[in-house]
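K.L.:
One line per chain: the protein sequences are A and B, in this order. The opening residue of the first sequence carries number 15 in the working numbering; numbering runs sequentially from there. The opening residue of the second sequence carries number 2 in the working numbering; numbering runs sequentially from there.
One thing to keep in mind: the hints can contain errors.
[Claimed, not checked] The list that follows gives simulated cross-link-like pairs (lysine-lysine, DSBU-like), each with its CA atoms no further than 35 angstroms apart:
#, chain 1, residue 1, chain 2, residue 2
1, A, 201, A, 679
2, A, 619, B, 100
3, A, 619, A, 593
4, B, 88, A, 679
5, A, 200, A, 619
6, A, 200, A, 419
[Stated by the list, open to error] Some chain A residues judged to face chain B by a derived CB distance under 8 angstroms, without partners named:
#, residue
7, 17
8, 20
9, 692
10, 693
11, 697
12, 698
13, 701
[To be verified] A few chain B residues that don't get close to chain A, going by computed Cβ distances all over 10 angstroms:
#, residue
14, 20
15, 25
16, 61
17, 62
18, 76
19, 99
What the hints contain is simulated information worked out from the structure, not anything from laboratory work. Cβ coordinates follow ideal geometry from the N, Cα and C atoms, glycine included.
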Amino acid sequence: METLFNLVPLVVFLPLLGLLLNMAFGGRMGEKAIGALASAASGLTFLVSVLLAVALWAGGGEAQVVPFAEWIRIGTLDIPWNFRVDTLSVTMMLVVSGVGTLIHIYAIGYMHEDVRFKHDEKRYRRFFVFMNLFIMMMMLLVSGDSYLMLFVGWEGVGLCSFLLIGFWYDMDTLGRPSWANANAAKKAFITNRIGDLGFLLAGMTLFWHFGSLQFGEVFNQAEQIAAAQPGVMLVITLFMLIGVAGKSAQIPLYVWLPDAMAGPTPVSALIHAATMVTAGVYLVARSAPLYSQVPDAQYIVALVGAVTALFAATIAVGQYDIKKVLAYSTISQLGFMVAAVGMGAYVAGMFHLVTHAFFKALLFLSAGSVILGLERGHHHLAHHAGEHGEVFDPGDMRNMGGLRKRMPVTFWLYIIGTLALVGIFPFAGFWSKDEILLDAAKLHPELYILLTIAAFFTAFYMGRQVWMVWFGKPRHAAAEHAEESPRVITVPLMVLAGLSLLGGALNLPGVHSLGHWLEHSIEVLEHELHLPAWLEISWGGLNPLVALVTTLLALLAIFISWLLYGRKPLEGGQKDPLKKPLGFLFTGMENKWFVDEIYRAVLLKPYEALCRFLAEVIDWRFWHDWFHDKVIAGTYNYLARTVLDLRVDQQGIDAFANGLGELTKRASTTLRRVQNGFVRSYALAVLFGVVVILGYLILK
Amino acid sequence: MIPLTWYLVLSAILFAMGALGVLIRRNALIIFMSIELMLNAANLAFVAFARQYDVFTGQLFVFFVMTVAAAEVAVGLALIVAIFRTKHSIDVDQMSSLKG
């Protein structure tokens with residue numbers, strides 16, 4: 015059993031192998047083979063993760079550090095590349111590779127049609143290469159034994175997110191030529207950079223004060239350093255929170271996630287719902303020993319999570335795009351998780367992370383199936399009527415309606431996902447969300463209220479979506495002709511539906527298997543709490559009152575959504591029935607509370623102005639025109655042209671040389687007259703010379 | 002006996018006439034003859050001194066001069082003939098190709 019732990023590097027290298035094989039030979043393989051290879055790489059990774067889990071379980075859950083390679087060694091800094099196999103990392107590995115594999119299989123079908131609809135079949139292979147790269151990076155993130163290795167994975171998944179959001183980089187979400195998708199990718203990447211800067215600062219501060227980035231060494235010193243320098247711990251944990259807010263899409267950095275829906279739907283499901291965005295939750299859970307030393311930071315994390323949960327849920331109410339609703343729902347649910355791990359309810363947070371991965375992947379993939387169904391319908395129509403060029407948005411819920419009859423399989427799967435997300439007994443979301451709410455009620459009642467309202471909104475927007483998409487009459491001809499998706503798409507969804515249905519079994523009240531499992535990795539501190547009597551009731555850890563309140567609220571929300579959207583289904587072109595009663599509030603929800611516009615006005619505009627100032631005035635006019643052209647080039651030109659060239663060279667050296675030549679010339683012009691060619695004058699000169707010499711000799 | 006001075010005066014006059022002839026005449030032959038005249042003026046001075054001092058060397062020298070002059074005339078006349086052939090003239094002023 016012990017030797018099984020040595021398999022852990024495979025979780026990184028299997029996906030790497032998959033992507034390398036696809037890169038090298040994918041060009042000669044068919045679509046099926048490419049998808050199968052990528053799925054196999056992911057599936058084998060899942061298998062390894064299962065083996066690791068088995069080995070851990072057999073070994074009593076004791077954390078293992080598997081040394082792999084020497085990485086950085088400079089002076090006293092020594093960071094090896096070690097793998098950490100403990101219950102927390104293995105849980106993440108199982109979720110990532112398990113859900114990842116299902117999504118890979120789904121993508122075989124989805125991308126086949128997507129590349130067909132978008133007329134670029136060459137991108138099929140690229141998609142699977144990126145997906146395997148993502149699995150690899152995510153594994154690097156969860157399996158590393160140091161903050162630095164975690165950061166490498168953290169950046170790697172950010173890169174994959176960028177690459178896959180911008181997968182259709184030369185078009186917008188409707189397939190028209192534009193840079194909209196590329197801009198969405200850039201937005202995600204740049205927003206994440208801000209978060210990553212926070213993480214980097216946290217890591218540097220950590221290294222400065224702890225002298226190490228290895229988890230074990232850091233956590234051992236946590237208590238001691240927290241006692242000596244409480245401020246340092248606060249700084250580290252809050253910087254880390256910025257990283258978490260970036261990666262896990264929390265206020266104020268959540269704005270990238272809705273735009274990230276520009277990527278293909280499997281990407282939205284895998285990266286932007288199930289796995290990558292939970293990396294922030296994982297980071298807080300992993301850093302539990304640090305966070306539990308600073309209750310202030312914990313409270314801020316929890317507050318950010320709870321506020322995000324409510325804020326994003328309100329926006330989701332006003333969205334019309336099927337994926338945008340789910341995107342804001344994801345932000346909201348991530349808020350739940352962040353709130354949970356912030357409060358110190360690590361088990362509840364991780365539990366929700368796992369169940370959310372199941373049901374949100376299910377919802378996204380079902381939404382993808384719906385979109386494909388509509389595209390098929392539209393394609394069918396265009397084929398028959400011969401109409402081309404009409405811009406049709408297959409993701410707009412206002413174009414849907416009545417799909418329940420056209421796509422029955424997807425319909426039932428979607429209902430299961432919705433019930434799980436809403437938190438209806440006995441679906442997975444019921445158990446996990448309830449655990450978070452119970453912990454919130456015990457620890458921070460004000461956050462409990464925020465989260466409960468968020469849960470109410472969750473039920474409402476999901477109800478709205480279900481009525482709009484599946485019930486009523488089709489509002490667009492494409493919806494009338496929508497077709498059910500093939501098996502390769504629906505079968506993975508069925509597996510996910512099963513998990514969404516049964517996922518609650520992971521941590522049932524009274525048994526708490528996940529809690530006991532994670533106990534080996536996260537030390538959960540029990541606080542002495544003075545609770546009101548109604549909170550003291552416990553059915554094996556389940557409080558019936560809390561559960562009842564949320565369930566009743568959820569049912570109420572579904573009922574209201576039925577009143578508004580189900581009783582009288584929307585007609586084509588009709589305005590949202592909420593618009594009238596809520597007025598400007600609904601306008602705010604529709605327009606995401608104008609956060610993007612506010613960011614543009616408050617941050618981007620001044621930033622652009624600053625950039626323009628720096629570029630035009632400082633760089634161009636000052637450095638280039640003045641300093642470079644005038645000072646440097648001007649001085650140099652003066653020295654070269656005037657001093658050296660004119661004065662020294664032309665007027666000095668050249669003048670001397672020319673003077674010599676001139677002198678010689680003049681002398682010779684004068685003297686050549688003597689050489690007149692007349693023999694007699696030479697003779698006269700000789701005579702004269704003789705006379706002079708003789709005269710001299712005689713007279714001296 | 003005629004005193005030495007007379008000989009020397011005659012010699013000087015002959016030399017001056019020769020030199021003048023070289024300087025002012027343009028005919029190459031006349032110039033040649035003037036040169037001969039100057040040589041013979043020098044010969045006369047040699048002979049006069051030899052007789053005056055009763056030294057034999059002066060007379061001997063005259064023979065040398067006459068021999069050399071004969072050789073010189075031979076070369077010189079050949080040159081003049083050659084020049085005449087090319088230039089059809091023996092005017093020395095025409096021979097100024099080396100004029101600077």
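K.L.:
Which hint numbers does the structure go against, in order from smallest to largest?
P.N.:
1, 2, 6, 7, 8, 14, 15 and 19
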